[in-house]
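*Asks:* Here is how the chains run, residue by residue.
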Amino acid sequence: MGKTLFFDSTLRDGSHAIGHQLTTDQITVYCSQAEGAGLHTIIVGHGNGLGASSLQVGLSKTTDLEMLTAARRQLQQTRLGTFMIPGFGTIKENLAPALAAGVDLVCIGTHCTEADVTRQHIEFVREQGKEAYGVLMMYHMATPPKLLEEALKMQSYGALGVILMDSAGASLPEMVTTTVQTLVAGLQIPVGFHAHNNLSLAVANSYTAIKAGATIIDGTLRGLGAGAGNCQLEVLAGLLVKEQIETGLNLYQLMDVSEQVVTALMQKPQEITTISLISGMAGVFSAFAPHVKKAAERFGVDARDIFVELGRRKIIGGQEDFIVEVAMELAERKKDDNISYQLEALS
Amino acid sequence: MDKVKVGIIGTGNIGTDLLFKVLRSEILECGMFAGRNPDSEGIKRAQSMGVPTSCESIKAIEDNPNCCEIVFDATSAKVHQTNAPILAKLNKFAIDLTPSQIGKMCVPVLNGDECLSEKNINLITCGGQGSIPIAYAYMKVHPEIEYIEIVASIASKSAGPGTRANIDEFTQTTRDAIVAFTGVPRAKAIIILNPAEPPVIMRNTVYAQIPQPKIDLLKVEIAAIVKSVQQYVPGYKVTVEPVFENGRVTTTVEVVGLGDFLPKYSGNLDIITCGAVSIAEKYARYKILA
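Protein chains in written order, with numbering that gives the first Met the number 0: chain A, 0 to 346; chain B, 0 to 289.
Derived from the structure by calculation, the hints contain no laboratory data. A quick note: this is a predicted structure, and the numbers were derived from the prediction, not measured. Careful: at least some of the hints might be erroneous.
Label-pair restraints from in silico Cβ distances [claimed, not checked]: (1) B:E196 / A:K334: 27 to 33 Å; (2) A:T177 / B:T238: 49 to 55 Å; (3) B:N36 / A:E296: 53 to 59 Å; (4) B:V219 / A:E296: 54 to 60 Å; (5) B:E196 / A:D103: 34 to 40 Å; (6) A:T177 / B:E196: 18 to 24 Å.
Backbone N, C-alpha and C define an ideal beta-carbon position, used for all residues, glycine too.
Work out the full structure, taking the sequences as your base and the hints as a guide.
*Replies:* Set out below in C-alpha cells:
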C-alpha cells in the first residue's frame with residue numbers, strides 16, 4: 000500500500016459550516032498551528048472554490064486572495080491548496096491571481112460526468128508548474144465505468160490524481176470499494192476520496208477507500224464541513240495508527256488544532272441533523288442544507304420535503320436556485336392537500 | 000412577398016436549426032448552406048431539402064456573393080475571426096452566433112433596432128439572451144442596484160464541445176454583457192451543466208440584493224419584457240416570479256426550445272437561433288425590402 004497523502008479541507012469545506020465567514024485571523028492561526036503536522040496540503044477558500052462567493056451559494060466574508068495570502072505566510076512544508084469549479088471561477092479572474100498569490104496545488108472540480116470542462120484549467124495549472132488534481136463531484140450519481148471514463152480525461156489533461164467527492168454523503172461502503180478499485184485499476188495516477196458524513200460513514204468510507212487502493216484522503220479536522228461534515232481527519236489518523244498503517248501525521252498536533260483552533264471557529268457542533276440525514280438519503284449536495292432551511296422557513300414547508308423533491312429532480316451542486324422554486328411549489332401544493340413525502344421516494 | 004436570401008456558414012446543430020427556421024420564414028430564404036465537410040449530416044440533409052450547399056465554407060459566399068445578403072455564422076469564435084473581415088468586405092450583414100465578441104452585442108428585445116445599422120452583430124451567449132432582459136427589468140425598477148448575478152443551467156447534452164472547452168469565455172462574456180446592457184456596476188455569471196435524464200430544460204435565475212424591493216412593480220416590468228421576448232422566443236417563460244427571500248430578489252425563467260431541429264430541452268440553443276432569425280427578418284424587412 001502506497002503512502003497516503005492527506006488533503007486538509009477544513010478551511011474550504013468548513014467554510015460552508017460557518018456561512019463562509021472565515022476571517023484571515025482564523026486562517027492565520029489555523030495554518031500556523033497545523034504547519035508541520037504532516038498534512039500534504041491545506042486547501043483554503045470559499046466552500047465552492049475560487050470565484051464562488053455569490054448570492055447563489057453564499058457570499059464570502061473574506062476575498063479569495065486575502066484568504067490565500069494569509070495562509071501562504073504560515074505554510075512552509077505544507078502545500079497551500081485551493082479549489083475551483085469551472086463555471087464559477089475562471090482562469091483570468093480567479094485561477095491566475097490565486098497562483099500569483101502563491102498557491103502550490105489546485106483541485107479542479109466538476110460534476111462527475113462533465114470532466115471535459117476542466118481541461119483548460121488543469122492544463123493551465125500544470126503549465127504554470129503547479130500541481131493540479133481533478134475532482135469528480137457527486138460521484139454517487141454515475142456508474143464506476145462512467146467515472147473511470149471521466150477520470151481518464153482528467154488524467155489526459157495532466158491531473159496528478161483524481162479525487163472522488165461524495166458531495167451528498169450518499170455512498171455506501173460497497174460503492175466506495177467498487178468505484179475506487181475501478182479507478183485504481185484503470186488510471187496511472189493516484190485516486191483520492193472526499194467523504195461527507197450524512198450517513199455517519201465519512202471515516203468508514205475513507206478507511207474503505209484506502210483499503211481499496213485510494214492514496215489521497217481529503218477530509219477536515221473535527222469533520223468541519225458542509226451539511227453533516229466530512230471525514231474527521233484526526234479520527235481517521237487514529238484509526239490508521241491502530242491498524243499500524245504509517246501516515247506521517249502528527250496525531251497529537253492534529254488533535255490540538257482540532258480541539259483548540261477548530262472548536263473556536265465553529266458556530267455550532269458538527270452533527271448529523273435530520274435534514275443532513277435526509278440530504279444523504281436523497282443524494283442532494285450537502286451544502287444545500289442552510290439554503291433549504293431558510294427556504295423551508297420562508298415558504299412554510301418541511302425542509303425534508305424540499306430535499307426529497309430536489310433528489311427526485313436530480314439537482315446537482317451549484318443549482319441552489321432550484322431550492323426556492325421547489326419550496327414555492329411545495330407551498331402551493333400544500334394549500335391543496337397536506338400529504339408529506341413518503342420515504343419510499345428515496346430508495 | 001419577395002424573400003431575402005441568407006447564407007448559413009456552419010452545418011452543425013446550430014446551422015441546421017437556423018436552416019429549419021429560415022425555411023419557415025415568410026421573408027427569408029436560404030441561398031447558401033456552407034460547411035467544410037462534404038459528408039456532414041447537415042449538408043446531406045440540406046441537399047435533400049433542395050437547399051444550395053457547398054463544402055467551401057466562407058469561400059462559397061466569396062465566389063458567389065449574390066447568393067445571399069445576410070450571413071449567419073454558426074462556426075466557431077476562431078473561424079469567425081477569419082470570416083468577419085471577409086463578410087465586411089463583401090458588405091454582408093453578419094449575424095454571429097459564436098462567442099467571438101467581434102460584432103456589436105445584440106439582445107433583440109433591447110437593442111434589435113439599433114443593431115440594424117451595424118454590419119456585424121453578435122448574439123453573446125444563451126445565458127446572456129436568457130437573463131439580460133430580466134436584469135434590465137430589475138434595473139429599470141431599481142436603478143440603485145449595485146450587483147446582479149445570474150445562474151444559467153443547461154442540459155449537458157445541449158452543451159457542445161465548443162461551450163465545454165470555452166466555459167471561461169462563456170461566463171466572462173455573459174457577465175460583461177449584463178454590465179453593458181443594464182449599467183449595473185458589478186455582475187457575475189455562473190454556468191451549470193446538468194446531465195440528468197431526461198434532460199433538464201434551460202433555465203436562468205437572476206438575483207439582486209435589493210433591501211426594499213418593489214415586488215409588484217418588478218412583476219409588471221418582468222411580465223412586459225417577457226412578453227416582448229416571447230415575440231421571437233415563444234418558449235421563454237417565467238417559472239419563479241420575482242420573490243424576495245433570503246435578502247435577495249430572485250426570478251427564474253425557463254426556455255423551452257421550439258424543437259425545430261434541436262430537441263425542446265435545448266432552449267439554450269433555441270434562444271440564440273430564434274434571436275438571430277428575428278434580427279435577420281427585421282433587417283430584411285427594413286433595410287432591404289423597404
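*Asks:* Which numbered conditions among the earlier hints are violated in the structure presented, ordered from lowest to highest?
*Replies:* 2 and 4
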